[in-house]
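Residue numbers (the working numbering), protein chains in the order written: chain S, 1 to 187; chain H, 1 to 148.
Quick caveat, the hints were computed from the structure, so don't treat them as lab data. You may find that some hints are simply not true.
Some chain S residues judged to face chain H by a derived CB distance under 10 angstroms, without partners named [stated by the list, open to error]: (1) M1; (2) R2; (3) P8; (4) Q157; (5) A159; (6) C160; (7) P162.
Some chain S residues well away from chain H (every beta-carbon gap over 10 angstroms; in silico) [claimed, not checked]: (8) E21; (9) D106; (10) G145.
For each residue, glycine too, the CB sits at the ideal point set by N, CA and C.
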Amino acid sequence: MRPGFTDPVQDAQSCFRAVLEAMSRPGRVQVLPDGLNPPAALHPATAAVLLTLADAETPLHHDAGAEADSWLRFHCGCPLASPADAAFVLAAGQPPAISALAQGSDEEPERGATLILQVSALETGHGWRLTGPGIAQEHRLWVEGLPPGFVAEWRAQRACFPRGVDVILCAGHRIAALPRGIRIEEG
Amino acid sequence: MSEDIKARRRWMGLLARSSHNAIRARLNDAPPLPPHSRLRGPETGLVMLRGRAGGDGSAFNLSEMTVTRCAVTLEDGTVGHAYVAGRDRQQAELAAVLDAALQNAALRPALMGAVVEPLAAQEAEHRAREARKAAATRVQFFTMANMR
Chain S
1 MRPGFTDPVQ DAQSCFRAVL EAMSRPGRVQ VLPDGLNPPA ALHPATAAVL LTLADAETPL
61 HHDAGAEADS WLRFHCGCPL ASPADAAFVL AAGQPPAISA LAQGSDEEPE RGATLILQVS
121 ALETGHGWRL TGPGIAQEHR LWVEGLPPGF VAEWRAQRAC FPRGVDVILC AGHRIAALPR
181 GIRIEEG
Chain H
1 MSEDIKARRR WMGLLARSSH NAIRARLNDA PPLPPHSRLR GPETGLVMLR GRAGGDGSAF
61 NLSEMTVTRC AVTLEDGTVG HAYVAGRDRQ QAELAAVLDA ALQNAALRPA LMGAVVEPLA
121 AQEAEHRARE ARKAAATRVQ FFTMANMR
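Isolated chain S (complex conformation) (with noise of 0.2 angstroms):
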């Protein structure tokens, strides 16, 4: 079994301020501390916005294997559930369809699921055309490793707004975040 976080407070609110700050200004990379050595099916960043996230009243579901189950279970105590009842959904694969993942309801649009995508690269300046709240003009960003129809279904969930997912991709230490808002233009 890998350690957590070094020092769990602090490590933790750097981190949560880090996903706070990806997720207000969408598709602008955030670069997280060194220092965590996870199971080889995460990545770093993968590993501390779930330890940061998860606890005891977050169902988890991942696909990132028996050593990374024991690990997640160990430091975040969180339980785990399928991709439909799972309040943190971790992709580390293939991810779920986004409309199988719970997606709240018109009165509790916080209840739906945010999906935890790790990808192989995230950068900005190029890539994706990224509008919508908490971007002035346009943000650009280009992710690798996502599957083919992922910017189709985003563009399906946004017919049942405000109900949706919000994604969190990470890769290797960096961090970037899709609020259910935006709209994601290709080119």
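Following the hints, put chain H in place on chain S, whose structure we already have.
Chain H in isolation, oriented as in the chain S frame:
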């Protein structure tokens, strides 16, 4: 419950009810402890104690208790846990290391002999002494019901 779990439950309980100094004193006669790294803690928090009113009542929250816990891992991957009443972080860490080391069949006999059994004897002696003290002050009440 398997014998292994019973034995582990016994030594975890003895280490938790002992004190840092008492365990440390016993370690002088024991083989050196293997190197370890901390997985979690030692950290202090509150645990809710639940009680049951009468024989048929549902569980209710009796009070909160200060508990210090620690989890460590040895180089071979064995994980040791300790939950100790109070705020003694050193005791929690030492108890967790001993719990991990005692799971190793090669180290267990020496550690059981040097640490766990003396602690058990100490605890049994303490309990017997307290019981003798209490027995010396016992008062017999006679009522009409049992004088008949």
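Hint-by-hint comparison with the structure:
Because the beta carbon of M1 (chain S) sits about 5 angstroms from the nearest beta carbon in chain H, less than 10 angstroms, this interface hint is met. At a threshold of 10 angstroms, the smallest CB-CB gap from R2 (chain S) to chain H is about 8 angstroms, leaving the interface hint in force. Taken as an interface hint, P8 (chain S) checks out: its beta carbon lies about 8 angstroms from the nearest beta carbon of chain H, inside 10 angstroms. Given hint, Q157 (chain S) at the interface with chain H, is violated; its Cβ is 37 angstroms from that chain's nearest Cβ, farther than 10 angstroms.
With its C-beta approaching chain H no nearer than about 44 angstroms, A159 (chain S) sits outside the 10 angstroms limit, and its interface hint is violated. Residue-level restraint check for C160 (chain S) is violated (minimum Cβ-Cβ distance to chain H is 40 angstroms; threshold 10 angstroms). Taking 10 angstroms as the C-beta contact cut-off toward chain H, the hint placing P162 (chain S) at the interface is violated, the least distance being around 37 angstroms. With a minimum CB-CB distance of about 27 angstroms to chain H, E21 (chain S) clears the 10 angstroms threshold, and the non-interface call stands.
Separation of D106 (chain S) from chain H is adequate, the least Cβ-Cβ distance of about 36 angstroms exceeding the 10 angstroms criterion. Look at G145 (chain S): its CB is around 31 angstroms from the nearest CB on chain H, clear of 10 angstroms, so calling it non-interface holds up.
Violation of the numbered hints given earlier is confined to hints 4, 5, 6, 7; the remaining hints are satisfied by the structure.
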